[in-house]
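Peer 1: Work out the full structure, taking the sequences as your base and the hints as a guide.
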Amino acid sequence: MGFTLIEVIVVLVILGLLAGLVLPNMPGLFESATRATERDRILDQFAALGAEALRQGRDFAVLGTGPDFDPSAYMDFEPYPFVVPEGWEVLVEEPILVRANGVCLGGTVTLRHAEAPATELELVPPLCGVDPDA
Numbered sequence: 190m191g192f193t194l195i196e197v198i199v200v201l202v203i204l205g206l207l208a209g210l211v212l213p214n215m216p217g218l219f220e221s222a223t224r225a226t227e228r229d230r231i232l233d234q235f236a237a238l239g240a241e242a243l244r245q246g247r248d249f250a251v252l253g254t255g256p257d258f259d260p261s262a263y264m265d266f267e268p269y270p271f272v273v274p275e276g277w278e279v280l281v282e283e284p285i286l287v288r289a290n291g292v293c294l295g296g297t298v299t300l301r302h303a304e305a306p307a308t309e310l311e312l313v314p315p316l317c318g319v320d321p322d323a
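Residue numbering for the sequence shown follows the numbering used here, starting at 190 and increasing by one per position.
Certain hints may be false.
Claimed, not checked - Have a look at the derived ranges for each label pair, beta carbon to beta carbon:
1. 319 with 199: 47 to 55 Å
2. 210 with 243: 48 to 56 Å
3. 230 with 282: 16 to 24 Å
If you are wondering where the hints come from, they were derived from the structure by calculation, not from laboratory data.
All C-beta atoms in this analysis are idealised placements derived from N, C-alpha and C, irrespective of residue type, glycine included.
Peer 2: Shown next, in the form of structure tokens:
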């Protein structure tokens with residue numbers, strides 16, 4: 190009813206091989222999880238656009254972190270104070286406009302990080318919900 194020395198050695202060898210395969214990937218898994226969390230925080234900010242505009246009673250424009258737009262075209266809109274983690278870019282084709290009543294006019298957003306594939310999102314009016322099919 191006991192284990193032989195050979196059985197114990199075989200189990201230890203198998204455990205050693207598994208540890209040898211898993212441990213080198215641990216830093217990459219941590220970095221990947223960190224990037225996913227940062228991306229989710231950016232998405233949460235998009236989800237809160239309409240509620241924040243309604244709460245503050247102000248019109249907002251999401252300009253992104255990409256090329257600058259002509260600010261005179263959006264004088265009635267205040268730039269939305271996005272918090273973008275270091276290493277991320279939020280690119281918008283056209284500024285995403287959110288009215289003070291919480292209505293978002295929608296648009297396309299691309300989230301980019303140097304170490305992750307780009308994520309393209311379609312913000313669906315009237316509440317700028319992220320389209321799960323995009």
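Peer 1: Hint by hint, note whether the structure agrees.
Peer 2: Taking the hints in turn, this is what the structure says about them:
no. : hint                     : verdict
1   : 319 with 199: 47 to 55 Å : holds (50 Å)
2   : 210 with 243: 48 to 56 Å : holds (51 Å)
3   : 230 with 282: 16 to 24 Å : holds (22 Å)
Checked against the numbered hints listed earlier, the structure breaks none of them; every hint is satisfied.
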